[in-house]
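Undergrad: The listed protein sequences derive, respectively, from chains A, B, C, D, E and F. So for the first sequence, this note's numbering puts the first residue at 35; every next one is plus one. So for the second sequence, this note's numbering puts the first residue at 35; every next one is plus one. So for the third sequence, this note's numbering puts the first residue at 35; every next one is plus one. So for the fourth sequence, this note's numbering puts the first residue at 35; every next one is plus one. So for the fifth sequence, this note's numbering puts the first residue at 35; every next one is plus one. So for the sixth sequence, this note's numbering puts the first residue at 35; every next one is plus one.
Among these hints, one or two may not hold up.
Straight-line distance between alpha carbons at most 27 angstroms, and here's what the computed DSS-like set of lysine-lysine pairs gives [as the list claims (entries may be wrong)]: (1) F/104 / A/37; (2) C/357 / C/249; (3) E/249 / B/83; (4) B/54 / B/37; (5) B/249 / A/266; (6) B/54 / A/357; (7) E/104 / B/83; (8) C/357 / B/266; (9) A/357 / C/357; (10) B/54 / C/54; (11) F/266 / E/54; (12) E/205 / E/157; (13) B/104 / E/104; (14) D/104 / D/157; (15) D/37 / D/205; (16) A/54 / B/298; (17) D/298 / E/157.
Just so you know, the hints here were simulated from the structure itself, not pulled from any lab data. Given the structure is predicted, the values throughout are model-derived calculations rather than measurements.
There are 6 protein chains.
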Amino acid sequence: MSKIVTFGEIMMRLQPPSYKRLIQAESFSVYFGGSEANTAAALAQWGEKAVFVTKLPVNDLGEACIRNLKSFDVDTSYIDRGNGRMGVYYTEKGGSQRPPQVLYDRQYSDFSLAQPEDFDFEKIFQGADWFHFSGITPALGGNLPAITKAAVAAARRAGCKISCDFNYRSKLWSTEEARRVMPELITDIDALIINHNQANEVFDIEADTLEEAAKKIHALFHPGLSVITGRKTVSGEVNEFSSLIYYDKKFFKSRTYSIFMIDKIGGGDAFSAGLIYGIVNDKNLQEAVDFAAAAAAYKHTIEGDFITAAVSDIRWVMRSDGKGRMVR
Amino acid sequence: MSKIVTFGEIMMRLQPPSYKRLIQAESFSVYFGGSEANTAAALAQWGEKAVFVTKLPVNDLGEACIRNLKSFDVDTSYIDRGNGRMGVYYTEKGGSQRPPQVLYDRQYSDFSLAQPEDFDFEKIFQGADWFHFSGITPALGGNLPAITKAAVAAARRAGCKISCDFNYRSKLWSTEEARRVMPELITDIDALIINHNQANEVFDIEADTLEEAAKKIHALFHPGLSVITGRKTVSGEVNEFSSLIYYDKKFFKSRTYSIFMIDKIGGGDAFSAGLIYGIVNDKNLQEAVDFAAAAAAYKHTIEGDFITAAVSDIRWVMRSDGKGRMVR
Amino acid sequence: MSKIVTFGEIMMRLQPPSYKRLIQAESFSVYFGGSEANTAAALAQWGEKAVFVTKLPVNDLGEACIRNLKSFDVDTSYIDRGNGRMGVYYTEKGGSQRPPQVLYDRQYSDFSLAQPEDFDFEKIFQGADWFHFSGITPALGGNLPAITKAAVAAARRAGCKISCDFNYRSKLWSTEEARRVMPELITDIDALIINHNQANEVFDIEADTLEEAAKKIHALFHPGLSVITGRKTVSGEVNEFSSLIYYDKKFFKSRTYSIFMIDKIGGGDAFSAGLIYGIVNDKNLQEAVDFAAAAAAYKHTIEGDFITAAVSDIRWVMRSDGKGRMVR
Amino acid sequence: MSKIVTFGEIMMRLQPPSYKRLIQAESFSVYFGGSEANTAAALAQWGEKAVFVTKLPVNDLGEACIRNLKSFDVDTSYIDRGNGRMGVYYTEKGGSQRPPQVLYDRQYSDFSLAQPEDFDFEKIFQGADWFHFSGITPALGGNLPAITKAAVAAARRAGCKISCDFNYRSKLWSTEEARRVMPELITDIDALIINHNQANEVFDIEADTLEEAAKKIHALFHPGLSVITGRKTVSGEVNEFSSLIYYDKKFFKSRTYSIFMIDKIGGGDAFSAGLIYGIVNDKNLQEAVDFAAAAAAYKHTIEGDFITAAVSDIRWVMRSDGKGRMVR
Amino acid sequence: MSKIVTFGEIMMRLQPPSYKRLIQAESFSVYFGGSEANTAAALAQWGEKAVFVTKLPVNDLGEACIRNLKSFDVDTSYIDRGNGRMGVYYTEKGGSQRPPQVLYDRQYSDFSLAQPEDFDFEKIFQGADWFHFSGITPALGGNLPAITKAAVAAARRAGCKISCDFNYRSKLWSTEEARRVMPELITDIDALIINHNQANEVFDIEADTLEEAAKKIHALFHPGLSVITGRKTVSGEVNEFSSLIYYDKKFFKSRTYSIFMIDKIGGGDAFSAGLIYGIVNDKNLQEAVDFAAAAAAYKHTIEGDFITAAVSDIRWVMRSDGKGRMVR
Amino acid sequence: MSKIVTFGEIMMRLQPPSYKRLIQAESFSVYFGGSEANTAAALAQWGEKAVFVTKLPVNDLGEACIRNLKSFDVDTSYIDRGNGRMGVYYTEKGGSQRPPQVLYDRQYSDFSLAQPEDFDFEKIFQGADWFHFSGITPALGGNLPAITKAAVAAARRAGCKISCDFNYRSKLWSTEEARRVMPELITDIDALIINHNQANEVFDIEADTLEEAAKKIHALFHPGLSVITGRKTVSGEVNEFSSLIYYDKKFFKSRTYSIFMIDKIGGGDAFSAGLIYGIVNDKNLQEAVDFAAAAAAYKHTIEGDFITAAVSDIRWVMRSDGKGRMVR
């Protein structure tokens with residue numbers, strides 16, 4: 035069991051039922067999620083000691099969120115508590131030509147207004163093996179670029195491995211801002227995960243293949259592992275997901291999953307969790323990327339931000355033909 | 035902002051949740067809709083002054099219906115009120131080999147029993163720019179063929195443009211009846227919209243292409259615009275939708291959308307609205323048919339009869355690859 | 035109207051809404067079902083006198099189950115009542131790479147603990163034309179292999195036709211056990227229905243085609259009709275279903291349905307019902323297999339174990355192109 | 035087991051969830067009910083052979099209704115089928131100062147348009163022991179007063195006992211009409227059940243007590259049993275229910291139940307069923323009225339028109355202190 | 035039809051179903067409401083020209099809110115639009131000893147950050163007859179005390195009657211703050227409505243009766259009408275509501291309603307609407323207070339912030355014994 | 035923070051929505067609960083280290099249950115896992131004259147078939163301060179009386195305080211069996227909690243007051259604290275709850291709560307938790323019984339078996355007038 039720390043915002047997610055639009059909403063389903071929280075929930079569920087660090091208000095919503103994390107066995111003891119508000123995001127599922135929508139109401143959240151002293155990273159990283167964050171955390175602005183930088187520095191001092199899911203979000207910041215802030219955070223870390231299209235969008239990396247993109251990412255930021263994910267939108271309902279690790283001039287490529295998308299949120303976070311899980315459990319890189327890709331595919335079949343699946347469920351997908359045959 | 039008048043029946047629509055059959059129904063979702071009401075709701079939402087004329091009972095269902103129309107900004111001030119019943123229709127979604135079902139309970143509705151004097155068309159069309167109706171209105175029988183004729187005449191006197199969505203419904207009348215009643219209503223109007231298959235079914239128009247069908251429709255009824263829509267059932271879940279305007283010996287053809295059908299009702303009504311919207315906003319015919327086709331596709335992704343989408347939503351689809359990619 | 039007796043277990047089925055996993059369940063939809071009950075409900079609904087024999091506890095769940103059967107016109111008068119528990123099974127729908135799950139909680143049910151004297155088969159088969167059971171019944175163990183054997187013997191004495199849906203369930207018994215128990219029950223019966231893959235899994239029948247499998251099944255057990263069903267998993271959402279009767283050295287093959295699976299349970303049971311319906315109504319074997327296959331496809335579009343469809347619904351599918359076009 | 039025939043209309047009942055008003059309805063729960071159907075469902079459930087006679091359309095709603103009746107073991111074989119519509123009624127629950135609402139959409143239903151020849155009462159009453167109807171049936175107008183009269187006459191000829199629940203409905207007819215039509219139907223029948231207030235409203239019977247009202251009803255119509263029910267509205271949530279039989283100059287009075295009203299519909303119908311049940315099972319009149327009153331109280335705790343309760347449930351209430359104590 | 039302007043914040047209200055606590059919430063029902071919006075919705079529904087002035091973001095939630103207001107016929111044309119967030123509040127129903135909860139997430143809303151120039155009160159009050167606001171608006175802080183003051187001044191200049199519902203909210207500001215800000219806003223207005231307990235809590239008015247409180251309020255602020263409402267908590271489910279107008283040394287007192295509380299929100303806002311309605315429709319003060327009190331009681335039987343009731347519904351309550359008897 | 039161990043069965047609880055009966059159930063809400071688990075969940079939530087010991091199957095239901103316990107911070111690390119089934123119980127809410135129903139399907143559960151060696155009580159009680167169980171655990175039969183005895187003995191050896199909630203369940207065993215098994219388990223323990231009526235039902239203790247009952251219980255079993263709870267059924271909706279501790283010849287009596295019952299399950303378990311909480315936090319006995327009674331009342335306002343309330347919520351009730359007034 036490795037101690038894996040993730041740091042970021044967790045929000046309440048509200049989504050109308052079925053294919054209803056936000057503007058039609060008569061009710062919302064309630065979930066909790068956020069990139070790093072999703073990764074932590076997966077890892078905790080799979081048996082790792084996953085510590086999720088964030089800041090949440092002292093009210094019933096903050097409390098409900100923490101209970102949700104606890105139910106997945108996430109260690110919530112380093113969550114700072116504030117007196118303000120919790121970030122909320124509203125989603126609608128989308129369908130066919132109509133794209134899924136994400137409406138953020140996360141500004142002024144306790145996390146986005148966090149202060150450097152809210153988090154005692156020295157203590158948090160004691161005994162930690164791994165630190166993971168995503169590009170969303172610095173994208174929230176305020177003190178968060180600085181706090182993230184402090185976290186990375188503390189993690190290094192503690193001897194942790196460090197990974198980052200690049201996760202560029204155009205609704206949070208511009209590509210210019212991302213280009214200004216991110217390089218310092220991701221250069222020379224142990225694993226940098228970036229989506230093929232985002233590599234192009236933010237860093238102008240032109241690459242016809244995941245392999246090519248990985249090499250260019252490696253050239254730019256020389257992370258231990260350069261990990262590229264690829265998504266192709268086949269239709270409003272079907273996406274193709276593939277991924278690849280570039281390490282030591284070798285490529286380790288997962289199979290390509292054709293996914294009927296039940297929930298478009300959280301696949302990348304499950305991928306990160308799968309990758310970390312594979313590595314801390316001493317799997318070889320091929321097994322790690324296979325597990326990570328299967329976890330990503332599996333996540334897209336689950337409603338809610340957290341992947342609700344055991345290691346055995348993911349392995350079942352890895353061994354299967356990817357067509358979800360019933361056993362009875 | 036143009037004043038656009040539509041005239042027809044609006045009903046309460048009751049549909050069991052998910053894929054449930056009517057015969058299994060333990061609950062119904064409640065919507066309101068009808069061909070001309072759907073078109074009006076789209077146009078009002080897009081900023082036009084859309085006046086919907088119908089007759090509804092003075093009871094809580096009639097009132098709920100009017101509130102629903104008002105929420106979309108439809109002008110309901112010319113709706114006549116009666117003391118009888120409101121039409122109701124029951125739908126089940128269908129799936130795979132099982133076709134969607136429509137069960138009408140609209141007989142004896144206040145609208146279907148309307149009298150000519152219930153509607154003061156002179157007043158209604160004052161300042162109006164456009165009159166739209168569908169073939170469903172005269173199909174309801176009773177006085178409605180005569181009232182529709184009176185409406186068309188009044189619209190002409192008021193200098194309105196006139197459009198008709200042919201909308202043949204075999205559950206309401208026979209092809210013989212339609213052939214007897216419709217020609218007088220549609221000849222020489224400004225825009226006649228007809229489905230490729232219905233052109234064949236009702237008027238024996240044999241045509242391999244939409245182009246050919248348009249020419250033949252033009253030859254028969256010489257409307258200003260001959261507008262043909264084509265639907266191909268790829269499977270129980272997927273339809274293809276295309277459309278074309280024939281005008282001045284030129285064809286203006288939309289792209290073909292492959293649609294995962296979330297709601298099979300109301301696509302044609304959104305198409306009509308899109309066409310009218312394009313024309314009254316001085317778009318060229320290519321833009322108009324593109325907007326109309328995108329509106330039709332978009333509608334099929336929405337639960338309920340009214341398209342719940344802004345002009346910008348439709349334009350997003352027009353600019354997109356039609357695969358509903360998420361932006362975040 | 036033929037009297038058709040089926041014998042087996044009926045359970046309460048609990049399934050979380052939408053695509054939710056069992057582990058996420060905040061609520062369950064309630065259905066009742068079981069292979070032989072499903073077949074009986076179909077036949078009763080189609081106008082046959084369908085007698086379903088089982089054992090159910092005297093409590094509100096048992097009573098609710100019986101009411102459900104009665105609503106379909108199933109004759110429940112031979113259901114034995116106990117003082118224990120009713121079998122329950124939990125399902126989750128699955129989606130894409132994630133397989134549907136079935137979690138049985140049927141052990142210790144009143145039926146699985148039934149005694150030979152609980153069922154007076156002499157009386158039950160008086161005037162009966164047909165007896166149908168599935169391989170699930172003997173798979174439940176305890177006295178059930180013996181009771182099933184007694185039922186088959188009594189049915190023979192009463193001059194009934196006998197059919198069996200092989201229905202091997204790996205969660206209930208091993209292939210060895212099935213090979214030990216089943217042959218005695220299925221040899222020389224009037225119709226043996228077996229899935230292509232199961233023929234291979236249990237009896238090592240290697241066959242590239244349904245035709246080949248049918249011949250080999252015939253050679254082994256020489257039933258009146260050797261009926262083979264084939265399923266191909268195209269994706270997590272789409273299955274292909276085909277079927278074939280082998281009789282008197284002739285093949286009667288249904289068309290192949292490509293089915294968007296709304297409920298993965300009960301297709302085979304509807305197939306059995308369709309086959310029996312065809313035969314007792316003196317249809318030729320081609321018509322019978324066509325009706326049976328259409329019933330199987332139709333069932334997979336229905337939520338719940340029982341097919342909720344009239345004979346005319348099934349015939350509509352047979353005549354259609356299998357794409358569920360809406361009529362209105 | 036006695037054969038008890040009831041005759042009247044059954045409708046689909048649609049009610050929004052919780053305390054929602056009709057005008058707010060986003061969904062409806064679906065029930066089926068009608069005074070005489072409710073009485074039949076109770077009697078069938080309690081083991082009598084209850085035949086319910088009505089007319090229903092051949093469509094999915096009519097079919098769903100019949101299945102619902104069958105699930106309660108009601109004999110539906112004499113239900114005539116039409117090609118029109120089914121009556122519908124909409125209810126809202128009400129609460130506190132806000133009264134429950136009933137909105138009828140039953141005009142033009144197949145039953146209300148029924149013809150005398152639709153029902154073969156000679157056949158229906160063969161072997162019947164009892165005929166029950168309510169004042170709602172003739173209140174529907176058209177041929178129904180005459181058909182009801184014919185039914186009463188046929189029941190007499192067949193030697194049935196006859197009972198009527200007076201059930202005056204001001205939304206269906208005026209007191210004048212009721213006074214014109216009802217006396218012929220209720221004079222000299224075996225049991226006339228009438229609400230204390232309605233006795234006053236329709237027949238100007240002024241009576242301070244149920245006893246007094248019973249005597250005056252007896253004087254007017256000399257039924258075998260004069261049965262008076264009393265309801266007192268304590269608040270929007272609580273009603274008091276009492277009842278009394280007057281027979282042979284003796285009074286048999288039930289206890290008074292103070293009822294927290296969960297569903298305001300169907301209490302009187304359960305009372306009628308309880309009374310008939312008591313009498314056909316040779317209970318003395320005190321036991322009969324006690325059972326009937328307990329059934330009425332019990333019904334008001336059940337959602338939906340049909341009482342869903344076994345004889346033992348009703349007896350439990352009779353023996354209890356009326357406060358619904360949990361046993362576990 | 036009078037033009038009545040109200041000014042304040044409208045929020046999205048999210049409440050878990052049934053008696054669920056926020057911390058248990060798996061779903062929320064969606065409503066929109068706020069004190070002044072609720073008053074406007076009531077008045078618009080009752081036929082007045084009700085203009086609601088607020089500021090809402092340009093997003094799907096703001097749009098959904100405006101549609102909801104439009105469905106009630108509220109004039110939304112003066113609503114300013116921003117680019118930030120909409121206020122949200124979360125409620126749980128409470129029950130028995132457990133109090134209802136209100137959790138505000140309204141800080142940083144577009145309205146609470148509004149600027150004086152966002153509202154052109156000169157234009158808004160053109161032709162207006164009445165201006166109504168509540169003490170919640172200035173309690174939101176920022177510029178709102180000043181903007182409210184400007185609104186009051188503009189209303190005076192336009193010759194409007196002015197009313198204020200004092201509505202002290204301890205979760206928004208302290209009694210000290212309220213005492214500092216409110217007097218200037220309420221002195222000498224035409225109608226000041228204040229709850230008996232709040233009069234004591236904020237202004238130390240000790241009064242055993244509503245009459246006494248009214249006199250003291252009059253002495254302090256000499257409004258045209260001094261209106262006192264009284265609430266007594268009988269139990270977690272039942273409240274008593276009474277009210278009184280003091281004018282020209284005369285008291286006009288409503289009856290006291292004992293209310294089974296279905297929704298604890300919005301009763302006071304319905305009361306204000308009822309009072310204004312009575313006065314602008316030239317009812318005498320006794321009728322006005324009776325209508326207002328009946329509206330308040332009625333509101334508490336409705337789920338959601340807006341009273342969904344016609345004038346005739348309120349009048350029905352006024353004429354009734356307050357016990358919600360069903361008519362059918 | 036004290037370490038408090040509880041031992042017993044936890045089941046899945048399934049309840050139809052609203053006031054629906056089991057026999058009408060179309061869906062169930064899912065909860066988890068059991069007397070000792072409920073007590074543990076309350077204590078964990080209030081900050082104690084609560085260890086719940088039971089046996090649960092290794093399947094999705096067992097896993098979901100454990101996640102639910104974890105979300106409340108219950109220590110689940112000593113839960114034994116089996117390969118069988120989880121106990122289930124079905125409830126219906128009841129209302130007015132209709133009593134709530136409990137239908138157990140707990141026979142053959144992994145817990146009820148547990149073996150002595152499944153629980154290592156020496157290890158479990160290391161460092162523990164308190165052991166709590168209820169009379170339900172031995173009532174389950176099999177090895178459970180012996181295992182409970184072993185647990186009590188181990189707890190004594192470990193120096194734990196021991197408490198028992200007598201909790202007689204007539205659906206599980208007879209009074210004779212309870213009289214045979216329980217005395218050995220409860221004699222001389224630190225706190226014995228027993229309901230007034232059960233003291234009479236099982237031990238023939240006739241007592242007009244809680245005081246008298248407490249003395250007699252003390253005389254029989256001389257526990258450290260003799261704790262009596264009293265419940266009076268005022269109506270189907272309202273219960274009165276009171277309680278009393280007898281210690282050192284002194285009485286410590288709580289106030290009497292009149293409770294509108296939202297959920298009839300779990301009040302006693304919350305009482306036990308409250309009592310233990312008060313004592314381990316060094317409250318005096320009056321404070322302890324007041325907190326316990328308030329917790330019991332609070333629990334009955336919560337849907338689900340676990341009390342979802344903070345210590346501050348309970349204290350709010352203690353300080354309030356018990357009428358659930360809203361603060362806003």
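Undergrad: If you check each hint against the structure, which ones fail?
TA: Of the numbered hints, 2, 3, 4, 5, 12, 15 and 17 do not hold.
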